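A.B. asks: Based on the provided sequences and hints, a complete structural model is requested.
4 protein chains.
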Amino acid sequence: MVVQIGKIQVGGPQFTVIAGPCSIESETQFRTASEGVKKSGASLLRGGIWKMRTSPKAFQGLGSSAFEFIKKIKAETGLGLVSEITDIRQVEEISSFVDAFQVGARNMHNYSLLKDLGKQPKPVVLKRNFSAYIDEWLNAAQYISQGGNNNIILCERGIRTFEKATRNTLDLNAVVYAKKHSQYPVLVDPSHAIGISDLVSPLCYAAAAAGADGVIVEVHPKPSEALSDADQALSLEAFDKMMNQLKKVLGAFDRTLTMA
Amino acid sequence: MVVQIGKIQVGGPQFTVIAGPCSIESETQFRTASEGVKKSGASLLRGGIWKMRTSPKAFQGLGSSAFEFIKKIKAETGLGLVSEITDIRQVEEISSFVDAFQVGARNMHNYSLLKDLGKQPKPVVLKRNFSAYIDEWLNAAQYISQGGNNNIILCERGIRTFEKATRNTLDLNAVVYAKKHSQYPVLVDPSHAIGISDLVSPLCYAAAAAGADGVIVEVHPKPSEALSDADQALSLEAFDKMMNQLKKVLGAFDRTLTMA
Amino acid sequence: MVVQIGKIQVGGPQFTVIAGPCSIESETQFRTASEGVKKSGASLLRGGIWKMRTSPKAFQGLGSSAFEFIKKIKAETGLGLVSEITDIRQVEEISSFVDAFQVGARNMHNYSLLKDLGKQPKPVVLKRNFSAYIDEWLNAAQYISQGGNNNIILCERGIRTFEKATRNTLDLNAVVYAKKHSQYPVLVDPSHAIGISDLVSPLCYAAAAAGADGVIVEVHPKPSEALSDADQALSLEAFDKMMNQLKKVLGAFDRTLTMA
Amino acid sequence: MVVQIGKIQVGGPQFTVIAGPCSIESETQFRTASEGVKKSGASLLRGGIWKMRTSPKAFQGLGSSAFEFIKKIKAETGLGLVSEITDIRQVEEISSFVDAFQVGARNMHNYSLLKDLGKQPKPVVLKRNFSAYIDEWLNAAQYISQGGNNNIILCERGIRTFEKATRNTLDLNAVVYAKKHSQYPVLVDPSHAIGISDLVSPLCYAAAAAGADGVIVEVHPKPSEALSDADQALSLEAFDKMMNQLKKVLGAFDRTLTMA
Numbered sequence: 001m002v003v004q005i006g007k008i009q010v011g012g013p014q015f016t017v018i019a020g021p022c023s024i025e026s027e028t029q030f031r032t033a034s035e036g037v038k039k040s041g042a043s044l045l046r047g048g049i050w051k052m053r054t055s056p057k058a059f060q061g062l063g064s065s066a067f068e069f070i071k072k073i074k075a076e077t078g079l080g081l082v083s084e085i086t087d088i089r090q091v092e093e094i095s096s097f098v099d100a101f102q103v104g105a106r107n108m109h110n111y112s113l114l115k116d117l118g119k120q121p122k123p124v125v126l127k128r129n130f131s132a133y134i135d136e137w138l139n140a141a142q143y144i145s146q147g148g149n150n151n152i153i154l155c156e157r158g159i160r161t162f163e164k165a166t167r168n169t170l171d172l173n174a175v176v177y178a179k180k181h182s183q184y185p186v187l188v189d190p191s192h193a194i195g196i197s198d199l200v201s202p203l204c205y206a207a208a209a210a211g212a213d214g215v216i217v218e219v220h221p222k223p224s225e226a227l228s229d230a231d232q233a234l235s236l237e238a239f240d241k242m243m244n245q246l247k248k249v250l251g252a253f254d255r256t257l258t259m260a
Numbered sequence: 001m002v003v004q005i006g007k008i009q010v011g012g013p014q015f016t017v018i019a020g021p022c023s024i025e026s027e028t029q030f031r032t033a034s035e036g037v038k039k040s041g042a043s044l045l046r047g048g049i050w051k052m053r054t055s056p057k058a059f060q061g062l063g064s065s066a067f068e069f070i071k072k073i074k075a076e077t078g079l080g081l082v083s084e085i086t087d088i089r090q091v092e093e094i095s096s097f098v099d100a101f102q103v104g105a106r107n108m109h110n111y112s113l114l115k116d117l118g119k120q121p122k123p124v125v126l127k128r129n130f131s132a133y134i135d136e137w138l139n140a141a142q143y144i145s146q147g148g149n150n151n152i153i154l155c156e157r158g159i160r161t162f163e164k165a166t167r168n169t170l171d172l173n174a175v176v177y178a179k180k181h182s183q184y185p186v187l188v189d190p191s192h193a194i195g196i197s198d199l200v201s202p203l204c205y206a207a208a209a210a211g212a213d214g215v216i217v218e219v220h221p222k223p224s225e226a227l228s229d230a231d232q233a234l235s236l237e238a239f240d241k242m243m244n245q246l247k248k249v250l251g252a253f254d255r256t257l258t259m260a
Numbered sequence: 001m002v003v004q005i006g007k008i009q010v011g012g013p014q015f016t017v018i019a020g021p022c023s024i025e026s027e028t029q030f031r032t033a034s035e036g037v038k039k040s041g042a043s044l045l046r047g048g049i050w051k052m053r054t055s056p057k058a059f060q061g062l063g064s065s066a067f068e069f070i071k072k073i074k075a076e077t078g079l080g081l082v083s084e085i086t087d088i089r090q091v092e093e094i095s096s097f098v099d100a101f102q103v104g105a106r107n108m109h110n111y112s113l114l115k116d117l118g119k120q121p122k123p124v125v126l127k128r129n130f131s132a133y134i135d136e137w138l139n140a141a142q143y144i145s146q147g148g149n150n151n152i153i154l155c156e157r158g159i160r161t162f163e164k165a166t167r168n169t170l171d172l173n174a175v176v177y178a179k180k181h182s183q184y185p186v187l188v189d190p191s192h193a194i195g196i197s198d199l200v201s202p203l204c205y206a207a208a209a210a211g212a213d214g215v216i217v218e219v220h221p222k223p224s225e226a227l228s229d230a231d232q233a234l235s236l237e238a239f240d241k242m243m244n245q246l247k248k249v250l251g252a253f254d255r256t257l258t259m260a
Numbered sequence: 001m002v003v004q005i006g007k008i009q010v011g012g013p014q015f016t017v018i019a020g021p022c023s024i025e026s027e028t029q030f031r032t033a034s035e036g037v038k039k040s041g042a043s044l045l046r047g048g049i050w051k052m053r054t055s056p057k058a059f060q061g062l063g064s065s066a067f068e069f070i071k072k073i074k075a076e077t078g079l080g081l082v083s084e085i086t087d088i089r090q091v092e093e094i095s096s097f098v099d100a101f102q103v104g105a106r107n108m109h110n111y112s113l114l115k116d117l118g119k120q121p122k123p124v125v126l127k128r129n130f131s132a133y134i135d136e137w138l139n140a141a142q143y144i145s146q147g148g149n150n151n152i153i154l155c156e157r158g159i160r161t162f163e164k165a166t167r168n169t170l171d172l173n174a175v176v177y178a179k180k181h182s183q184y185p186v187l188v189d190p191s192h193a194i195g196i197s198d199l200v201s202p203l204c205y206a207a208a209a210a211g212a213d214g215v216i217v218e219v220h221p222k223p224s225e226a227l228s229d230a231d232q233a234l235s236l237e238a239f240d241k242m243m244n245q246l247k248k249v250l251g252a253f254d255r256t257l258t259m260a
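Protein chains in written order, with the working numbering: chain A, 1 to 260; chain B, 1 to 260; chain C, 1 to 260; chain D, 1 to 260.
Because the hints were derived from the structure by calculation, they are not lab data. Incorrect hints may have been included.
The list cannot tell twin chains apart, which means a pair is met if one copy fits it or any two copies do.
[Said to hold, decoys possible] Using 27 Å as the maximum straight-line C-alpha spacing, the simulated DSS-like pairs for lysine-lysine come out as follows:
#, residue 1, residue 2
1, K179, K248
2, K119, K247
3, K180, K247
4, K180, K164
5, K57, K164
6, K222, K115
7, K71, K248
8, K122, K180
9, K122, K7
10, K74, K39
11, K72, K7
12, K122, K164
Predicted model only: the values in this text are computed from it and were never measured.
C.D. replies: Set out below in structure tokens:
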């Protein structure tokens with residue numbers, strides 16, 4: 001099944017790369033990141049406007065102060081934007097410039113939110129909760145679709161296991177299982193899944209080789225200065241190198257990157 | 001720290017037993033359960049008005065059709081009621097007859113909901129998500145308290161592990177750890193934690209012996225006919241037997257049950 | 001079913017406390033610990049002669065240099081000794097003064113060792129591997145019993161989960177489940193299960209309240225100087241205090257400590 | 001670092017495929033499997049002589065009755081054999097015809113066995129225990145190498161997590177992490193990792209794309225009749241198809257299959 005985000009088809013024969021910073025931190029940061037990932041072949045932007053943080057005292061995102069420059073940068077690059085919402089009241093505020101709403105791992109079990117998203121038309125990127133059974137994840141999609149919105153894209157982003165050396169454990173089993181048992185496109189977020197920037201690229205290749213429909217990758221112009229998830233963001237140079245190798249992996253399956 | 005639910009003090013020297021059905025299914029079922037648990041010494045009622053179910057097709061609770069008889073039964077028994085909410089829009093509807101709002105495991109990471117609950121005065125029973133680090137759980141409480149509402153009660157209800165023989169894994173380590181590192185009262189929900197009714201009672205005794213401030217126990221007049229969680233509900237007879245032994249365990253620590 | 005370790009009956013109406021240091025480090029350390037735990041009511045000694053360590057460079061135990069003084073201290077105190085073996089070739093060396101062989105969590109799946117232990121007569125304390133399904137644990141016991149040795153005692157010592165604040169996660173569900181589904185006595189090792197010394201005592205009480213047949217507790221005359229597991233050992237004073245409260249908890253179930 | 005198994009170099013620029021049945025069940029079965037996987041490009045054979053089974057009553061392998069025909073089939077195909085041992089006493093029996101000893105997941109923490117294997121010269125394929133921290137796995141290798149045998153190959157085969165839809169959870173994070181932090185070659189066993197035969201192939205591609213040094217794959221001439229692990233074995237046809245696609249994936253990285 002193909003789900004359309006702006007002009008981009010996700011879930012068809014091509015492979016979609018969604019890239020950008022964890023948090024949108026400033027106009028300059030977001031513009032540099034967006035222009036960079038576009039140049040390397042990304043089809044869509046990602047970027048957090050409001051952030052879910054374990055501590056209420058951590059940086060919570062720019063919120064509405066970023067709206068105007070986000071619109072400008074979208075117009076300049078011509079790329080669509082995927083951004084997380086955590087409350088249905090945010091939808092109205094940002095629906096004029098966000099092309100797909102992401103439900104983060106922490107809200108996958110927030111069925112009230114899912115039901116509300118089922119009553120609006122924009123695509124929803126539904127991340128798997130870090131401890132959701134695959135079947136719960138697929139069932140969560142039904143909470144959206146039963147409201148009438150079938151524009152759903154699944155995204156595996158790593159699960160919680162006993163292992164501590166990596167941030168989470170990427171569960172590619174879940175990706176191949178979901179591809180078999182669900183009609184929706186399945187993406188992989190290797191950045192959250194491992195949390196170690198120099199190990200993100202091989203996981204992108206693995207995701208493509210396993211048959212995922214795309215990846216969501218955190219890219220930051222200056223990773224060490226990122227206000228959130230600094231350890232896992234790729235630099236623009238590392239992202240560009242990754243994209244070159246990724247194209248070769250896709251070529252082994254007669255696939256290409258999504259073209260806008 | 002003591003948190004007051006109606007007339008009941010939770011977190012003081014006494015031990016609080018909150019009991020009742022998983023879902024409120026009918027006036028008769030809820031009245032029988034409420035009268036029964038009161039007779040055996042429960043201090044507060046529990047009962048779901050809206051249910052969080054993995055599948056949107058499963059029984060979702062009676063909703064507003066139960067409001068009137070709930071009020072009646074509360075008046076008859078004189079017991080306060082703890083009930084789960086999953087959306088801040090529910091608070092207004094039920095605040096006239098619910099004495100504490102429970103945030104279920106699936107919504108512990110729903111920080112929007114927690115912030116909203118911080119702005120209202122009623123006590124919040126914050127269940128630990130089945131894969132939340134203890135520190136995330138304690139931090140989640142801050143999302144409530146920073147809004148001004150410090151009436152928070154923590155509740156451990158079992159975590160997800162590799163083990164499949166039991167529904168979840170009761171984490172009593174988390175209870176003793178939270179008692180040491182947090183100021184809030186800590187309850188245990190052994191029913192969800194093990195999911196096997198004849199093994200619930202020994203876990204109640206263990207919770208008391210470990211120093212928990214109380215338990216939340218699922219009790220159903222006819223467990224085998226329960227519309228949700230049938231495998232883990234105690235019958236009224238089993239609950240009564242459990243309460244008798246529980247009093248002896250508390251006596252070993254010079255504690256008693258909470259008196260209304 | 002009752003299993004006899006020396007003069008002590010494990011699995012009957014009484015509750016057995018096995019206590020002593022993680023590693024036997026010196027004659028003085030082991031004598032002080034042994035005399036101390038005896039005075040407080042322990043029925044059996046524990047103490048490692050060879051240690052399983054993650055790194056081969058860590059302290060591996062005193063080995064044969066400790067044999068003579070262990071015999072002396074056993075004679076002085078009159079207490080039996082439970083000690084871990086990791087290789088069947090160790091059995092002959094120590095069987096003259098060890099009263100029960102412990103199979104550690106790391107060797108629960110070492111079926112060769114279990115089969116060998118099934119062909120000798122001494123009791124075996126079979127710890128649950130930190131990621132063994134309960135059913136695997138019960139099946140592992142069969143690897144011993146099919147050789148002819150039915151003197152088996154199970155011991156839960158914590159499992160590996162996502163949680164990092166505690167060393168392992170004590171799984172009391174497994175204890176009550178094993179009590180129901182297995183004929184063998186079931187012990188709890190709260191020291192390894194939580195790994196934080198001041199939280200060990202409440203878990204001992206919880207184990208007793210849940211219906212375990214006993215506990216294995218790490219006690220060290222000077223915990224901070226222990227060569228292994230320093231963070232989780234009780235001092236003799238803390239152990240004595242724990243034993244006094246434990247007797248009260250057992251009293252709530254009309255139980256007492258095992259008498260030699 | 002390159003480790004030699006017979007004539008085959010593991011850990012160099014080429015990618016090694018080790019294939020064959022879970023258990024060696026009969027001369028016909030093993031010959032058909034061996035000839036088949038050779039024809040499709042496998043470099044080494046796998047096959048269990050003694051099996052580790054959860055229940056002592058399950059099929060435990062052919063043992064010594066298979067020795068003669070194994071030698072014959074090895075001579076016919078010219079391929080080396082990797083086979084699991086569970087006890088050091090097995091080494092002498094099979095060292096004349098087994099080219100590398102596998103330590104299964106259940107014995108990774110059996111340090112006695114690892115030490116013994118360090119004192120003999122043949123290569124050891126060290127599987128990661130299903131709940132071993134990556135660091136424990138790397139440390140386990142030291143238990144072998146400190147005895148003098150540095151011919152060690154690591155193998156990730158899936159870990160135990162909360163997920164139940166797949167047999168284990170393949171941890172490719174661990175593969176890229178071990179490649180970075182260890183000198184030893186790292187293989188992947190996708191068959192055990194997912195336990196569902198039609199999902200094994202995409203995981204082979206993912207392993208290659210992530211940079212693993214090879215895969216160990218279960219192949220059976222008639223998967224549905226396999227005496228162990230029937231659900232996860234590839235047929236010879238499925239294996240052949242997988243190998244063709246695998247070569248393309250390796251080509252994207254300028255790699256090829258190991259040539260004998």
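A.B. asks: Taking the numbered hints from earlier one at a time, note which ones the structure violates and give those numbers from smallest to largest.
C.D. replies: 2, 6, 7, 12
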